[in-house]
Amino acid sequence: MSGVFGFGLDYKYGARYPGGIEGLCERYRDRLSHLSIVAIETADEARSFRQLAGSLPVIHHLSNVAPGNPSGPDLERLRKQDAFSGILEAVWCGEDIGVWQLGPYPLPYFAPPVFDADVARWIGEGVIQITERSRVPFLVETPSCSYVTGTIDLGEFFRTITDTAGCPIVLDVSHVFSYALAAERPALEVLANIPLERVWEIHIAGGRVDEAYPFRYIDSHSDPIMSGVYEVLAESVRRCRNLRCVTYEIGVGLTAEMIEHDVAKLETILHGASMVPDFSVPQEWPS
Amino acid sequence: MDPDLQHLLQSDAPASRTALYLRLLYSPSCARAVHALLGGTESCAPQTLAFLKSIDFERLGLEQKARLRNLMYHLGEAFPCSWRLMDVDLRRDLVERFVETPSFWRFPGRSLPESFALVAWQILRERQRSFLADVVRLEGVLSGFATAPSKAAPWQNLAGADHECVATTAGETAERFPSQWQLLDDDSQLPTPSSAAELMARAPAPHRISLTLDHDGDIEIACVRLAT
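Chains as they are written, first to last, in the working numbering: chain A, 1 to 287; chain X, 288 to 515.
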């Protein structure tokens, strides 16, 4: 039986996964549809990961290319990352939309964008620059939000970006849940306003709600997946008609038992929804 | 009002608004200035004003505290020795002061930790804690040098901070600065709290601290006592 979901892994923390990154992938290889990898910084790392993936398709999760930075996208970093996408034979790449840099330095803690229409158009123009230079489709990912500002909502913001850039979306359902908590709105209502026809990939990960401040979601990737997030996943899989795959992003600190518990739940939901992963890229992309 | 902040408030460009938002996420004084502006008569660009009106300042305060904790954690990775020599209140005080200085927003260091060290070194010297100041400087230079060895060291522009960038006879890049303290213990390691107490108990004497980047990309730190 082929897998209905893939793993989202962080290369720099490879040694901290149960059994190491290789052991984890080997243990689940027959149950995976693909692998997604972030934090590849050298060609050797890209080659090594490509070899580890074997016959599984690879998605390249970028970082710090950042069309939402005040200085716009880092096209030099994109050039390097794009070369790694080539080595990885990535089917596509993507990145969370937000602020990644404090001037020349990586921001210690990623920030979601200001949710304004003109900010979304400006980011969309940056995404066009990325798309023009990327050998594979670039997908914009809904960001994690512990705090929300601006004059439009998440869905309208992403509709504006994708209408400007013609790009697909990575719908991170944990991040949608975080936005809903911060905005004090029902998560399924937030979901309904996102241009779901643009969604190619869904991300899901573990997290928790701040005990003292129930409007703050902590996107740890190191806790079990919350039941409210599973609800957003089930609804998203049902409604995203162009969905191609689901990626379970695994953080450090999860035990083998915790991973297996969430994997089993994911498989139940995705088999129930007759999920069939598909890594083909439409001819008409970008649209 | 800080002219940089005033400039951001007068602009309606999305990039400027994003830069303003970043300031608000880290700087309580910036948030207070903006909050006061909303109740006053000072002008602000229209879309920027709409953004400012969307801010929940109470929650912004929580976000700032979370980001400050995260920044302390992040800096702790670059200052493992300095952090052990400070109590948590001093760490927090230095980081809170850092985010309110131009150094946090104008990026003088070759890395974020080096920008922090430029601020913390001056504060600690003013408080007569010169041993700790120089350990912070050493770890800050180490971070900056490791991040961008070919970039000019920002310490050369700082009053009272003699700093040399030189090429060694073996063609390696090196940086040197003076200290009145032996900053490495007798095993040439950065000090622990107990060895720091012992080093501080010794009479101050001129030393030269060197960081040398070898051809393999490793940085060697040395502390040499100079003849008086």
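Calculated directly from the structure, the hints in this document are not laboratory data. Small disclaimer: the values here were computed from a predicted structure and weren't measured. Watch out, some of these pointers could steer you wrong.
Stated by the list, open to error - EDC-like, lysine to aspartate or glutamate: derived pairs with alpha carbons at most 20 Å apart:
id	chain 1	residue 1	chain 2	residue 2
1	A	K12	X	E459
2	A	K12	A	D30
3	A	K80	A	E26
4	X	K340	A	D44
5	X	K438	X	D449
6	X	K340	A	E156
7	X	K340	X	D299
8	X	K340	X	E329
9	X	K438	A	E235
10	X	K352	X	D374
11	X	K340	A	E41
12	A	K80	A	D44
13	X	K352	X	D380
14	A	K265	A	D30
15	X	K438	X	D472
16	X	K352	A	D210
17	X	K438	X	D380
18	X	K352	X	D376
19	X	K438	X	E451
20	X	K340	A	D30
21	A	K265	A	E211
22	A	K12	A	E22
23	X	K352	A	E211
24	A	K80	A	D118
### Task
Would you check the hint for K438(X) and D472(X), treating anything up to 20 Å between C-alpha atoms as holding?
violated (29 Å)
### Message
Does D380(X) sit within 20 Å of K352(X), going by the straight-line distance between their CA atoms?
### Response
holds (13 Å)
### Task
Please work out if K438(X) and D449(X) have their alpha carbons no farther apart than 20 Å.
Satisfied, since the Cα-Cα distance of roughly 17 Å is no more than 20 Å.
### Query
Does the alpha-carbon distance linking K340(X) and D30(A) stay inside the 20 Å limit?
violated (52 Å)
### Message
Does E211(A) sit within 20 Å of K265(A), going by the straight-line distance between their CA atoms?
### Response
Answer violated: K265(A) to E211(A) is near 25 Å, above 20 Å.
### Query
Within a Cα-Cα threshold of 20 Å, do K352(X) and D210(A) meet the stated pairing?
Cα-Cα ~13 Å, so holds.
### Message
Just to be careful, I want the Cα atoms of K340(X) and D299(X) compared with a cutoff of 20 Å; is the pair within it?
### Response
The hint holds at about 14 Å.
### Message
Hint check: K352(X) vs D374(X), CA-CA at most 20 Å. Holds or violated?
### Response
Holds, at roughly 18 Å.
#### Entry: Restraint check for K438(X) with D380(X), where alpha carbons must lie at most 20 Å apart
violated (29 Å)
### Message
Please verify whether K340(X) and D44(A) have alpha carbons no more than 20 Å apart.
### Response
violated (49 Å)
### Query
Taken at face value, is the distance from the CA of E22(A) to the CA of K12(A) at most 20 Å?
Cα-Cα ~13 Å, so holds.
### Query
Going straight from one Cα to the other, do K265(A) and D30(A) come out at no more than 20 Å?
Given pair K265(A), D30(A) holds - Cα atoms ~17 Å apart, limit 20 Å.
The structure shown violates the earlier hints numbered 1, 2, 3, 4, 9, 11, 15, 17, 20, 21, 24.
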